[in-house]
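Dock chains B, C and D against chain A, hints included.
Residues per chain, in single letters:
Number of protein chains: 4
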Amino acid sequence: MNTYGSAFKITTFGESHGEAIGIIIDGCPAGLEVTEQDIQKELDRRKPGQSSITTQRKESDTVKILSGIFEGKTLGTPIALAIYNENTKSKDYSHIKDSFRPSHADFTYSSKFGLRDYRGGGRSSARETAARVAAGAIAKKLISKEKIGCFAFVSQVGSLIYDFDLEKVDTSLIDENIIRCPDEKKAEEFIKLIDKVRKNRDTIGGKITGFIKNVPPGLGEPVFDKLHAELAKAMLSINAVKGFEYGSGFSGCEMLGSEHNDIFYKTEDDKIKTKTNYSGGIQGGISNGELIYFNVAFKPVATVLKPQETVNDKGETIQLEGKGRHDPCVLPRAVPIVEAMASIVIADFYLRNRLSRI
Amino acid sequence: MNTYGSAFKITTFGESHGEAIGIIIDGCPAGLEVTEQDIQKELDRRKPGQSSITTQRKESDTVKILSGIFEGKTLGTPIALAIYNENTKSKDYSHIKDSFRPSHADFTYSSKFGLRDYRGGGRSSARETAARVAAGAIAKKLISKEKIGCFAFVSQVGSLIYDFDLEKVDTSLIDENIIRCPDEKKAEEFIKLIDKVRKNRDTIGGKITGFIKNVPPGLGEPVFDKLHAELAKAMLSINAVKGFEYGSGFSGCEMLGSEHNDIFYKTEDDKIKTKTNYSGGIQGGISNGELIYFNVAFKPVATVLKPQETVNDKGETIQLEGKGRHDPCVLPRAVPIVEAMASIVIADFYLRNRLSRI
Amino acid sequence: MNTYGSAFKITTFGESHGEAIGIIIDGCPAGLEVTEQDIQKELDRRKPGQSSITTQRKESDTVKILSGIFEGKTLGTPIALAIYNENTKSKDYSHIKDSFRPSHADFTYSSKFGLRDYRGGGRSSARETAARVAAGAIAKKLISKEKIGCFAFVSQVGSLIYDFDLEKVDTSLIDENIIRCPDEKKAEEFIKLIDKVRKNRDTIGGKITGFIKNVPPGLGEPVFDKLHAELAKAMLSINAVKGFEYGSGFSGCEMLGSEHNDIFYKTEDDKIKTKTNYSGGIQGGISNGELIYFNVAFKPVATVLKPQETVNDKGETIQLEGKGRHDPCVLPRAVPIVEAMASIVIADFYLRNRLSRI
Amino acid sequence: MNTYGSAFKITTFGESHGEAIGIIIDGCPAGLEVTEQDIQKELDRRKPGQSSITTQRKESDTVKILSGIFEGKTLGTPIALAIYNENTKSKDYSHIKDSFRPSHADFTYSSKFGLRDYRGGGRSSARETAARVAAGAIAKKLISKEKIGCFAFVSQVGSLIYDFDLEKVDTSLIDENIIRCPDEKKAEEFIKLIDKVRKNRDTIGGKITGFIKNVPPGLGEPVFDKLHAELAKAMLSINAVKGFEYGSGFSGCEMLGSEHNDIFYKTEDDKIKTKTNYSGGIQGGISNGELIYFNVAFKPVATVLKPQETVNDKGETIQLEGKGRHDPCVLPRAVPIVEAMASIVIADFYLRNRLSRI
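Protein chains in written order, with my numbering: chain A, 28 to 385; chain B, 28 to 385; chain C, 28 to 385; chain D, 28 to 385.
Just chain A, with the same shape it has in the complex:
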């Protein structure tokens, strides 16, 4: 259903143009210091209208804590967060009410449920991810007590690729430009390309690289709930994501075992580390203490401001043209979403791991 997680459990609700979207976090331990400002800070990274390469829609996305936090600390009870929708008295949606926009979820929601909230995509809108970013802010605080940090940046736009050495990425630079790429020069190229696409009333895809620092050995569960399997699910559950790989990923298909194996050695301070990290910090579904890293593929946004052919609910062929203010590329606003989902996955495994030994 609309719940993710086992110990740190989140349930989102809300349609794009309903009264509110929001989230309940059930399972956040008591005693964690959290303020509305901690959450708002992350939401502001995701909100629309931040720059010339994102949608120009203005929504403040202000979070309201409804429960679970008292005198600045979590109570151990469900934390309910709401983001009230502004401008819900909807503008004109008559052009899509009875039509199925190409590569949107209009047709599939109607097929499944027999009806749908057609305003702004309803439940299928990426607006739902704001709720996740809010919960992610709390997950971040929880795991930061263990020094764990989840980061993401844009590593590809269209066919432009950013070649990086993950060990050298300066996470403090990620938010220094509007595309969220820590390399200033590459960022400019990315921005220029998106700008060109935008002026062409089109959209473009790309890739985000995520990584997680300071995960201790032992997080993740054998078999189905492998750490990377949950990361995959979490990432693929984000709107517009088409693929996930971790460690060597798809390039691992081409390798020999003798190359791919990560040789263990002992450090001077008696820790067991690996010389290479094709495993991506995870072996047998459980973290081994090395850096966890992964790539997430995003398709181009489906709403293009060009006329397209499609059908309406009577099956008649019609012409449809995207209206309004839409993102030419989801990547810059997706960076905090990737970080949020990664933080939620890690928070969940961090708590679950308390149950692994007597």
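I should point out that these hints are in silico values taken from the structure, not numbers from a laboratory. Certain hints may be false.
Which copy is meant is left open, so a pair is good if it fits within one copy or across any two.
[Unchecked claim] Taking lysine to aspartate or glutamate and the DMTMM-like style, the derived pairs with C-alpha atoms no more than 20 Å apart in a straight line are:
1) Lys-168 / Glu-63
2) Lys-91 / Glu-113
3) Lys-300 / Glu-343
4) Lys-91 / Glu-46
5) Lys-300 / Asp-125
6) Lys-302 / Glu-348
7) Lys-298 / Asp-340
8) Lys-168 / Asp-340
9) Lys-293 / Glu-343
10) Lys-226 / Glu-348
11) Lys-300 / Glu-317
12) Lys-240 / Glu-46
13) Lys-195 / Glu-113
14) Lys-341 / Asp-296
15) Lys-212 / Glu-286
16) Lys-341 / Asp-125
Keep in mind it's a predicted model, so treat the numbers as computed, not measured.
Chains B, C and D in isolation, oriented as in the chain A frame:
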């Protein structure tokens, strides 16, 4: 934990060299015709010793139905299946008892649990997937009543790639050769490459392509349990998998929205279809009635028959050499595993979809 | 955690004096007609200040639909309901901030979480049940489509007992008096007794009888999720409940098998019925089509307006006296809660039963 | 479905006359010492043929560990336990194949699933509880590390009642007689009564009292998963149980708040205790450190060795007479089941409580 699925729920158990491995399927509806032979047929596709390019270990992997099936039909109660381990009086494992094999789960299991069953990898052994294949056989029967079929084949070994037109793939040819690629010529190339690697006492990675036919519109759930997100989790939960993509996948990063959008049209028999299928049969996490297809990346098997440096549990550097009979490439035996997990995912969503409307 | 149900899944949130209490219903099928008024009607039956024998606190308990319902129908997406707390700028709670009220949850919450929202009992307040009543209103609508109806009435106050013939109880009379007992004469006795207790600044316990009409055979699950086991859990999860029995209940301890067995017979319209109903409409955890009935025991409200000895969080003995306006007896306001929880249990099993056969 | 528990999760499988019954425990932490003998000891307390007042059927109920335990310790992986059914080549069941025995689950299973395993009641047989007793033995070991102990004894048979002072019950005497009542004199009365009923080819109901020692404050979860709500569900899920009450229970209905409230005080060693214990050791769903105690009502066994009228699956009236060897009273064999389920509930909450604070 060790459970997957929401309506069609599977729980596996067992260590590689314990008494038995097995699975409980809880949630298979009553009245489905299932025989031990239906299950054994799929297990035989996965079992070791099938050909020169798989491990030469001989295990019969015979399934035993312990409960849930009576007079040839499912009872609606839990179906328990056991595969008893043969030769459990273990050969000599002293060489790995206290050592951490590179890129295996020895180190991470010990880190997590404080102890481990070191015989043959214990719970982390790919032997656990036999239980999934057994359950997958029942899932296949369930969804075949709706004409849905899940298929997979090997599409890449090392850097050798099989270029195919999915619409033209003849599923009856998949099992016609030992690598499980429906193209005879490409199969020969693949086999030759694996053979070379094997003789070199090394291992190699590759890719499996999966596809699902005749899924009606409406399967999959909004938000977290998107159909492709569950496929991703299911695939990444298989041993040695490093990546997953569906539809346009990572190549979708390079596309424009105007190219990527799948235009709807109405067929002569009044169905709504799309002209292209970059969406991979899924929009907004819900099936749209088109072919579902995806790629799964496998790393090379970690056990190479060459000496490798590693550490033991005291952190001392040692030399370790893989012993015994291992697969030089997991792909041929992984094909039925991919099909099984896809079938289980679809069976689960097929049942869940009964709850979507009043 | 704070979730109940498997198919019709509810998650409540909120502290008594926080911003809001509320509930998410995840799993209500699409297409059900629901209005805010449907929900408010049930809330009004539970709200404080209804009569002289309930608390005189005035709270409007107005429900707000945040998501999941569009143009008067459920969307199949999570239905979020909020009831905003009025007067949250708390009156003086300094007298209980550091004290543990006898037979309240102050001590246990502090023991568990290390901190608590002491205002009005925080999460442990019976105010949380308002959220359940709201969800119950939707469950009622769902099962009413199958003609199923859940009812409850007060059948005991202190040692005064109402002897009834369940077949003859007129459900339309339940709300005709302020104690919610369908027998006018007994109701008067009950009211008189509560009034006396109230004037004495004390509180009193009692019993509610619940029954469910028109449940078709087949609802309930074997083994753990037996229909009566879930009813028991649901009822015991209501504040102040100390016991549950169904069918013959505790009096069944005294019976012989030959007396207790319900003999099957066939009706003129070819239905299989039982001559007696000691089974309470449930056999082997599954409904058999007969009337389901059960009793729920409530202890007296813990807040008495008399001075009582207790300890503070330093373990010092202090005198504490209940302040404010409290219920002398929970029963009249608990009737809609019992009905709500029964409706939620039945709605859940009704949906789950769609999965029992191929 | 067939799973109980959240952290210490059990799933049972098996029909009475199928190949095996069994259980998977998923979530038992690694490092717990468990032997087959630990489990067998509890099974022997439940097995048939123990005495003149239980069924004379001979089944050895021998447990086999299939997975999850290695070199005498739990691995942190699923523990699978099987009890193979002996004499499965069934005797003659033709008399019940097409008939619905009164107050059994034949009719309801057939109504739900459309078919059933009619041999010995199939899945609805109390034989399933052997699997729970096996898991309970492991739960007992886990919680005994915290000095927690779950006990039960027979406190009523028919209308004979054992009046006891719980503080003075000597748990070492419970198994000293065949009825499992720690008072020798009362035990004799109970046995005499059952013997009389048995000779009369009838059966009789009764009550079991359970109690749990040394539970620390803090176990249990707010709202739905209250400690007593889970105990209620666990007990009501046992075959033949009709009611549950804890603490003051149904007698609490008759009390005043000023009587019922348990006054806190501080002990000389600085612990906070209560002077009375009407709360039954649980306040707001969470343990307060006092003794937890509860009563469980059992109806008489449905199989009586007298002819009874019933219908067959064509709805025709027939005469049916119980055959074979059945229990005249479930109580003595139910004592270890009650203890097992209580132990499982407590083990689950004990583990869950590790997640309550940062």
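Taking the hints in turn, this is what the structure says about them:
no., hint, verdict
1, Lys-168 / Glu-63, "within (12 Å within a copy, 37 Å between copies)"
2, Lys-91 / Glu-113, "both (14 Å within a copy, 16 Å between copies)"
3, Lys-300 / Glu-343, "between (62 Å within a copy, 12 Å between copies)"
4, Lys-91 / Glu-46, "both (13 Å within a copy, 9 Å between copies)"
5, Lys-300 / Asp-125, "between (58 Å within a copy, 17 Å between copies)"
6, Lys-302 / Glu-348, "between (53 Å within a copy, 18 Å between copies)"
7, Lys-298 / Asp-340, "between (62 Å within a copy, 11 Å between copies)"
8, Lys-168 / Asp-340, "neither (46 Å within a copy, 29 Å between copies)"
9, Lys-293 / Glu-343, "between (68 Å within a copy, 7 Å between copies)"
10, Lys-226 / Glu-348, "within (16 Å within a copy, 59 Å between copies)"
11, Lys-300 / Glu-317, "within (7 Å within a copy, 46 Å between copies)"
12, Lys-240 / Glu-46, "neither (38 Å within a copy, 36 Å between copies)"
13, Lys-195 / Glu-113, "neither (41 Å within a copy, 50 Å between copies)"
14, Lys-341 / Asp-296, "between (70 Å within a copy, 13 Å between copies)"
15, Lys-212 / Glu-286, "neither (33 Å within a copy, 28 Å between copies)"
16, Lys-341 / Asp-125, "within (8 Å within a copy, 51 Å between copies)"
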